[in-house]
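Could you build all of it, start to finish, from the sequences and the hints given here?
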Amino acid sequence: MDELDRQILSVLRRDSRTPYTEIADQVGTSEGTVRNRVERMNEEGIIERFTVTTRTGNVKAMIEISVEVNVDTSAVGERMADWEEVDFVWQVSGEEDIVLVVDAVDTGAVNELITEAREMDDVKSTKTRLILDERLG
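Residue numbers for the sequence shown follow full-length UniProt numbering, beginning at 1 and rising by one.
There may be inaccurate statements among the hints.
For each label pair, taking beta carbons as the anchor points, the in silico distance ranges come out as [as the list claims (entries may be wrong)]:
#, residue 1, residue 2, range
1, 91, 16, 19 to 25 Å
2, 26, 46, 15 to 21 Å
3, 22, 95, 29 to 35 Å
4, 92, 26, 18 to 24 Å
5, 132, 51, 36 to 42 Å
6, 118, 44, 36 to 42 Å
7, 82, 3, 35 to 41 Å
Quick caveat, the hints were computed from the structure, so don't treat them as lab data.
Just so you know, even glycine gets a beta-carbon here, dropped at the ideal spot from N, CA and C.
Pasting the structure below:
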């Protein structure tokens, strides 16, 4: 991955629907080059998915989860990724092992996710932070 790839990704992170012609103008190359590079980054797994960020009026939260020491953290995260309200699952360093970013209809639904996580045998504890405001970086 080179500097041009990074510039293309920067544009796509802000708006994944940006037309290739507009990206080409912004980064100083041709539309064909942008298209080819995006396709290559997709095939190589650099671009994992194109997604939509919404402002639904729902409650967004980060649920931080600690798991037992001898647990396959990836497997726990994969099970949680299947939950409908989960937008992202991150494996992190520090006191917690997994962070879920969730978009739930209300605080009751967030609490249900916390309960579901705590009921898993591998989960030691949870901490929750409500997301009060969100900006695209």
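Each hint, compared with the structure:
The beta-carbon spacing between residue 91 and residue 16, approximately 24 Å, falls within the hinted interval of 19 to 25 Å. Separated by about 19 Å at the C-beta atoms, residue 26 and residue 46 satisfy the suggested range of 15 to 21 Å. Under the hint 29 to 35 Å, the C-beta atoms of residue 22 and residue 95, about 43 Å apart, miss the expected range. Distance hint check: the CB atoms of residue 92 and residue 26 are about 32 Å apart, inconsistent with the given range 18 to 24 Å.
Between residue 132 and residue 51 the beta carbon distance is about 22 Å. The supplied range of 36 to 42 Å is therefore violated. The given range of 36 to 42 Å is respected by residue 118 and residue 44, whose C-beta atoms sit roughly 38 Å from each other. Range check, residue 82 to residue 3: about 37 Å between beta-carbon atoms, so the 35 to 41 Å window is met.
When the structure is compared with the earlier hints, violations turn up for hints 3, 4, 5 and for no others.
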